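Participant: Same order as they appear, the protein sequences are chains A and B.
Numbering follows UniProt numbering, in which position 128 of the first sequence is assigned residue number 128; successive positions increment by one, without gaps.
Numbering follows UniProt numbering, in which position 470 of the second sequence is assigned residue number 470; successive positions increment by one, without gaps.
Hints listed in this document are in silico derivations from the structure and should not be mistaken for laboratory results.
On a predicted model such as this, the values are computed, not experimentally measured, just so you know.
A portion of the hints provided could be inaccurate.
The list treats identical chains as interchangeable, and a pair is accepted whether it falls inside one copy or across any two copies.
Using 27 Å as the maximum straight-line C-alpha spacing, the simulated DSSO-like pairs for lysine-lysine come out as follows [as the list claims (entries may be wrong)]:
1) 23 with 46
2) 27 with 284
3) 264 with 237
4) 27 with 235
Protein chains: 2
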Amino acid sequence: MTAPLSVEYLPAHPPVVLQDKMKRYEKFADEIAELIRTGVLAAGEKVPSVRHASRTYGVSPSTVFQAYYLLEDRGLIQARARSGYFVREHAKQPLPDAQSNPRPAHTTDVDVSELVFSVLGSLKDPNTVPFGSAFPSPHLYPLARLARSMAQSLRVLSPHAVIADMTAGNPDLRRQIALRYMVSGVMLPLEELVITNGAMEALNLCLQTVTQPGDLVAIEAPAFYATLQVLERLKLKAVEIPVHPREGIDLQTLADSLAHLPIKACWFMSSLQNPLGASMSEEKKRALYELLQQHQVPLIEDDVYAELYYGTQPPKPVKSFDRDGLVMHCGSFSKSLAPGYRVGWVAGGRYAEKISRLKLMTTISPSVPAQAAIADYLQHGGYDRHLRKLRHTLEMQQSAMLASAARHFPAQTRVTRPSGGYFLWVEFPEQVDSLQLFQLALAQGISLAPGPIFSATRRFGNCARLNHGHPWDEASERAMEMLGRIVTAM
Amino acid sequence: MTAPLSVEYLPAHPPVVLQDKMKRYEKFADEIAELIRTGVLAAGEKVPSVRHASRTYGVSPSTVFQAYYLLEDRGLIQARARSGYFVREHAKQPLPDAQSNPRPAHTTDVDVSELVFSVLGSLKDPNTVPFGSAFPSPHLYPLARLARSMAQSLRVLSPHAVIADMTAGNPDLRRQIALRYMVSGVMLPLEELVITNGAMEALNLCLQTVTQPGDLVAIEAPAFYATLQVLERLKLKAVEIPVHPREGIDLQTLADSLAHLPIKACWFMSSLQNPLGASMSEEKKRALYELLQQHQVPLIEDDVYAELYYGTQPPKPVKSFDRDGLVMHCGSFSKSLAPGYRVGWVAGGRYAEKISRLKLMTTISPSVPAQAAIADYLQHGGYDRHLRKLRHTLEMQQSAMLASAARHFPAQTRVTRPSGGYFLWVEFPEQVDSLQLFQLALAQGISLAPGPIFSATRRFGNCARLNHGHPWDEASERAMEMLGRIVTAM
Chain A
1 MTAPLSVEYL PAHPPVVLQD KMKRYEKFAD EIAELIRTGV LAAGEKVPSV
51 RHASRTYGVS PSTVFQAYYL LEDRGLIQAR ARSGYFVREH AKQPLPDAQS
101 NPRPAHTTDV DVSELVFSVL GSLKDPNTVP FGSAFPSPHL YPLARLARSM
151 AQSLRVLSPH AVIADMTAGN PDLRRQIALR YMVSGVMLPL EELVITNGAM
201 EALNLCLQTV TQPGDLVAIE APAFYATLQV LERLKLKAVE IPVHPREGID
251 LQTLADSLAH LPIKACWFMS SLQNPLGASM SEEKKRALYE LLQQHQVPLI
301 EDDVYAELYY GTQPPKPVKS FDRDGLVMHC GSFSKSLAPG YRVGWVAGGR
351 YAEKISRLKL MTTISPSVPA QAAIADYLQH GGYDRHLRKL RHTLEMQQSA
401 MLASAARHFP AQTRVTRPSG GYFLWVEFPE QVDSLQLFQL ALAQGISLAP
451 GPIFSATRRF GNCARLNHGH PWDEASERAM EMLGRIVTAM
Chain B
1 MTAPLSVEYL PAHPPVVLQD KMKRYEKFAD EIAELIRTGV LAAGEKVPSV
51 RHASRTYGVS PSTVFQAYYL LEDRGLIQAR ARSGYFVREH AKQPLPDAQS
101 NPRPAHTTDV DVSELVFSVL GSLKDPNTVP FGSAFPSPHL YPLARLARSM
151 AQSLRVLSPH AVIADMTAGN PDLRRQIALR YMVSGVMLPL EELVITNGAM
201 EALNLCLQTV TQPGDLVAIE APAFYATLQV LERLKLKAVE IPVHPREGID
251 LQTLADSLAH LPIKACWFMS SLQNPLGASM SEEKKRALYE LLQQHQVPLI
301 EDDVYAELYY GTQPPKPVKS FDRDGLVMHC GSFSKSLAPG YRVGWVAGGR
351 YAEKISRLKL MTTISPSVPA QAAIADYLQH GGYDRHLRKL RHTLEMQQSA
401 MLASAARHFP AQTRVTRPSG GYFLWVEFPE QVDSLQLFQL ALAQGISLAP
451 GPIFSATRRF GNCARLNHGH PWDEASERAM EMLGRIVTAM
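Next up, chain A with everything else stripped away, as it sits in the complex (with noise of 0.2 Å):
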């Protein structure tokens, strides 16, 4: 796996062998870190003294030491005077299986929008626990500073590029992206990059371009409700393949699917996927490449969460093993740098023309403006540097969160422990309704996201998403206490 490297300081022509510049001591930290979220480390448990580490992994001692620091810092592991290190509480229950689906070759037309609706109409009062939001906290994003990325591309911007930028995007932000791809292992031919609206429109292009109304697709079980929305509106049926909450999609399942079903398109989310935080390892995220590519089923790849990763390790995109340009990948800006800019992409594979004609009947292009804004940030304002911050403060909120659940919510509450991102999925007890819940906390001035505006077939029903994008305090603590109360007394 490549290391992330800073492309500030790349050449136009950057070499093609790029160095690995993850340093021992971050990798033996990624190592332990992924004991802990996979559950091999259990909360509460001594990690291994120094000299034990030291000799069980052939590292020498001063890079167990650095590498306990950075967990520390990284809120994974606490020091107890004189005992050594311990992993930190946290919700102390086993990971959820996936729910195994009951009828994997079921197809559901969506009509989940309505509730979406009423769920997010809830959330607008900005007095409101927001553990409920889709965004994490805008304090979290270098405003200032892209505020002056922006004065400056404007000023340099010739009248003409307000109207030649709009049909193919502005051409210092295409060979930006294209450049952070190169460093992640991709080699993207600038034509295949199509920037859009945020990745949401990015999204919508894919679908149309690759659907017609009354089609099958494949998506995850749980989705990200909009995937729910975007179906409905599109006359899309959906064929739900269960997500494992840390190894993602269950692949046997959709073997079957595609073996027994016309499913013309899917849609996944490979790494922290929207709501299970689950990411797919290289390997299946291959075996999945070569899955669709017998088949000749295009990908539309989300993955709007891609810069969110925890530690050191950035994942691979299934793209990355795309050879016949069958994967569309999305991403956007809004999670990871300018939320409210509007700025997403598409690498749209064989499909870039087709999405490129579809965005210039539909919007024709994002703002002229944002796009120099952003361009101009990524090669002066320290992209790499703010990104670590940010992965930094969601990892250590994470723990705040983690924590607090394992000091409220009942026993028997299951959370997964995501490798990045800003989304904990909590299973309560099977009795727990979460819509009844979400009215109670609302009640209180807390808001959550129900599991059912997750699922087609409104499964999920005692589940929720929190966020833990905004900064941990004593509302924050106060919140989850009271929503342990309501559901201890469900």
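Once you've looked at the hints, dock chain B against the given chain A.
Facilitator: Frame of chain A, contents of chain B only:
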């Protein structure tokens, strides 16, 4: 008709009775301009002497003087030494009547997209004389002043707003747009307003809100080619209603079609129609509304050129007659203020909430910084002053192109003379094939928009749309001469 009032100095709660600020001589100039446009006063003809006009129209000689100075400044008349004022030379043929529609009840599957894209794709060379362009020169817009508004608005924008403004839109921008409606006589409830990625997204959302694939939609013939592309994309069938080049759509044909066909929506440009430049009279707009109201068929009113009227009298939209929310009025800042910013809107009437939800499912929001910048400009930038200058420039350039057409095009050529905007519609002699003309002109570095891209049934084969939104210079003149030579050779 209400005069254009400056909204810059209006208090937060402006008085309900607005003063008519249009001066006597401006009104008189507008009346003479109308006589010239409609051909009552022909090219080269002497306009009435000051004494004669003063007596005939019951205005003071000084009013006539001032009006004639203004008309000269607007490029409509010119003084000849010791002889008085004459109508400036332009294409001498009378305006064409609308081509009669041979089968008014005929419906058409649309498949014009490929042709449009092949035409548009060939316009990219910046060295081409841009008669085929859809945009006026970007130098006509206050881009530097807008950049200042962008910098200022980003300084004061709260981080919270980058997320909150995505759903409803920038509140200042919404208020400013509603104010401008109010000044033009439309009292618009703020809830009706949906901010979009330019008018193109607004039009798409409106159409999807009131139609299903297979439905019939009444459109103009000729129509803006994007209208045809959108219908094609959404699998809608076109009912083409002929447009008279001065008076707008043929209401009788529309009435017949509504009586006999299950038309689900109309998509019309009631003012400065693209490509003909036709503007319907107020009486006709009212009659159109009454007809649609009677059939309860919604109107999607595409009014993107609303601010580009010449003279002093803004055309009223059909929306101003709307009593029951049947009209979706789509506007944009792309043609009047901020090309490339991609900020438009729709006053959605009874469909506003559906439109808003559909937007959340497709692009979520236009760029928040772009919205904030335009809101700041509308409050502090001097929008009405800019618009007066812009209208004046476009009118001058129209006169220049008309005069050039008179010099270089064959005598049988017929040309429109719209009362605003930046397009002329040219009807060449019947044997001219405008697609072939397009190719031959392009080889000479001249673009134009050939007639067939404006028709679902590939009509208007001897017509073309010419853009006069760019500074008129020696190259423009030579290009017209070249077009004239090619056409004559045909």
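Participant: It remains to establish, for every hint, whether it holds in the given structure.
Facilitator: Now the hints, each set against the structure:
1. 23 with 46: within (25 Å within a copy, 87 Å between copies)
2. 27 with 284: within (21 Å within a copy, 74 Å between copies)
3. 264 with 237: For residue 264 and residue 237, the Cα distance is within 27 Å both inside one copy (10 Å) and across copies (26 Å).
4. 27 with 235: For residue 27 and residue 235, the Cα distance exceeds 27 Å both inside one copy (46 Å) and across copies (54 Å).
Hint compliance for this structure: hint 4 is the single one not met.
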